[in-house]
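Using the sequences plus the hints, can you model the full thing?
Chain by chain, the residues run as shown.
There are 2 protein chains.
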Amino acid sequence: MSRGSIDTPAFMPVGTQATIKTLHPDEVARSGAQIILANTYHLMLRPGLEVIQAAGGVHRFMRWSGPILTDSGGFQIFSLATQVKVREEGATFRSHIDGSRHLLTPERAIQLQHGFGSDIMMQLDHVVGYPAEPGQFRKAMLRSSRWLKRCLDEHNRLNAGEQGYALFGITQGGMDAETRKESAQLVAEADVAGCAIGGLSVGEPKKLMLEMLEATTPELPPTKPRYLMGVGSPEDLWKCVALGVDMFDCVLPTRLARNAAMFTPEGRVSIRSARYRNHHQSLDPTCDCETCTTFTAAYVHHLFRAEEVLGLRLASVHNLRFLARQMESIRTSLAEGTFASQMRLFLATYKPAGPR
Amino acid sequence: MSRGSIDTPAFMPVGTQATIKTLHPDEVARSGAQIILANTYHLMLRPGLEVIQAAGGVHRFMRWSGPILTDSGGFQIFSLATQVKVREEGATFRSHIDGSRHLLTPERAIQLQHGFGSDIMMQLDHVVGYPAEPGQFRKAMLRSSRWLKRCLDEHNRLNAGEQGYALFGITQGGMDAETRKESAQLVAEADVAGCAIGGLSVGEPKKLMLEMLEATTPELPPTKPRYLMGVGSPEDLWKCVALGVDMFDCVLPTRLARNAAMFTPEGRVSIRSARYRNHHQSLDPTCDCETCTTFTAAYVHHLFRAEEVLGLRLASVHNLRFLARQMESIRTSLAEGTFASQMRLFLATYKPAGPR
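These protein sequences, in sequence, are chains A and B. Going by my numbering, the first residue of the first sequence is number 1, and it counts up by one from there. Going by my numbering, the first residue of the second sequence is number 1, and it counts up by one from there.
Simulated from the structure, these hints should not be mistaken for lab results. Glycine residues also receive a C-beta, built at the ideal position from the N, C-alpha and C atoms. It is possible that part of the hints are untrue.
One side of the interface only, derived from the structure: several residues of chain A facing chain B at Cβ under 10 Å [said to hold, decoys possible]:
| no. | residue |
| --- | --- |
| 1 | 21 |
| 2 | 23 |
| 3 | 55 |
| 4 | 56 |
| 5 | 202 |
| 6 | 205 |
| 7 | 290 |
| 8 | 295 |
| 9 | 296 |
| 10 | 303 |
| 11 | 306 |
Laid out in structure tokens, this is it:
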């Protein structure tokens, strides 16, 4: 990768609109993140490819000097846009911002990502919402597989021998293990730099997600990175690494932070809770983040109660660092051969929120 | 001052709720600010004196290591609170947050500020809104003068010989030059560490404000700092220093920033304006702030268009630095005896917003 290598397994903070919400890129880097994600759908609509190209690419635009992975826009088209129509050529949709009409083809998705200067690009995939009929999943998966070929052709054409830009394929298949397996085999055969796993963590039970993952990862080439899209709760990071995942992205840490939810080794807590009103120590004494080493929980509590923007930021810094520290522990324990026991230790203490 | 001296003339950013809105205290310090202001009215209501005392004072609570000036709560009672009743004893009011009933006396205002650990405290004053009858202004001014004596007594009682805590008196007098003069003389006679000028920049024409200032400053002791409350537009800083003012505070730079208005040497501009869409240089090439030296105007423009919180912060950093640089220029030109020509130079280029 032209912008340096990253340590895996890695968690990638999400910079949807060319900014990790509420944070300065230097804060993101200091949290331990080595690579971030940006959303092609958002950037193509605002500020648009032209502006980002004129800025010299998305790295220079947002002042992030590490690698950037961009998605293809597929997921957002199916979750945010309106009047979506999918044909073999591509997807037409209307912008959720101004209603403008757009066509995104596999070729265009790659052109956009090349234009942004993305280091790791994603193929355009046909995403089907959960729940859906198994037949629908397979049909969309097969279309995604055909689109991958077109993405690869366009990628190779634009790359023209240049190194440093990677294209990942995306496995799909909904909640059907056979379709997942078939999809993984199709992506495994393709000349991609890495294999993403899409369409999970979309509302299905955690158990089902892990089953789908188990059906997928064994089919993927062991030498290529596997990227599980949209997953990033602390417990999932451990469990999915155990199933062979190398890369993750998720809005969870920053979105939770903006809702006053902060990670602790025991689980997430609401910093708005009255019990922090007079908690004049850091929220998590084991944490080395810039929030915990500088500010008390009582102060962060006050900022949220008083609706002060600094609170969102301090909580975001902490949550990103918390996940980065999980990844550091995971990498160390893998290197030392203690992963399984470290995972047990973490899961014995950490209480996940909501249904498992 | 126990927390070090400050260079004057000085501009103080406003940290209403123990935070300079959207900013980390380190960013505020790096902008060049040496002293900040916090609002007693806001802090007494939320998080309350108890929490701040348990935190070890407002400096430790918000992690600001420089001096802090607190106002007395007077101005906010008359602008934010409801059901305000003023008697000789003090002012009763209902909180704008939860409707709770409070009594603020001159003694209580001083106790609160001592409890916060403020470095420079303000007397409680009776603020009359503009416009009002001249008689009302004089009556409130005379009451403020009587309250100053009570504040001084309480301050000396609590100080008990300790150094490092200063109490400022506040001159009032509305828009009547004679009352202003009388008020200034009364404060000048009192054993205060500094003299504030209150009740200006409350909606009156700029010309009238400067007239009132001219009626006030000549009556104040030349050896004590003069603090003009609530004033902070770039042009006013120069003009009021010319009339003998040493200290300023104003929410203007941070409030403007949150509304996308950024200072430039030519006047303030809206960073949301379409002309910045493809402006891939810093907004102000002469500016050494962390925003201008890192990000392009096009990126800040994008952040505001995309409603990203980072934009508020980048604009706030710039505006604070812009005012700090004005103060640096003012201090240098005073030291070098070039103040008048430097002011002319600045005012010839800078176009103030709105009516003069």
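Status of each hint after checking the structure:
1. 21: Holds - the Cβ of residue 21 of chain A comes within 10 Å of chain B, reaching about 6 Å at its closest.
2. 23: At 7 Å from the nearest chain B Cβ, residue 23 of chain A passes the 10 Å test, so the hint holds.
3. 55: Check passed: Cβ of residue 55 of chain A comes within 5 Å of chain B, closer than 10 Å.
4. 56: Nearest chain B Cβ about 7 Å off; hint holds.
5. 202: violated, 25 Å
6. 205: Interface hint status for residue 205 of chain A: violated (33 Å vs cutoff 10 Å).
7. 290: holds, 9 Å
8. 295: Holds, because the Cβ-Cβ distance from residue 295 of chain A to chain B comes to roughly 6 Å (cut-off 10 Å).
9. 296: holds, 7 Å
10. 303: holds, 6 Å
11. 306: Where the cut-off is 10 Å and the nearest Cβ of chain B is about 4 Å from residue 306 of chain A, the hint holds.
Going down the numbered hints, you'll see the structure goes against 5 and 6, while the others check out.
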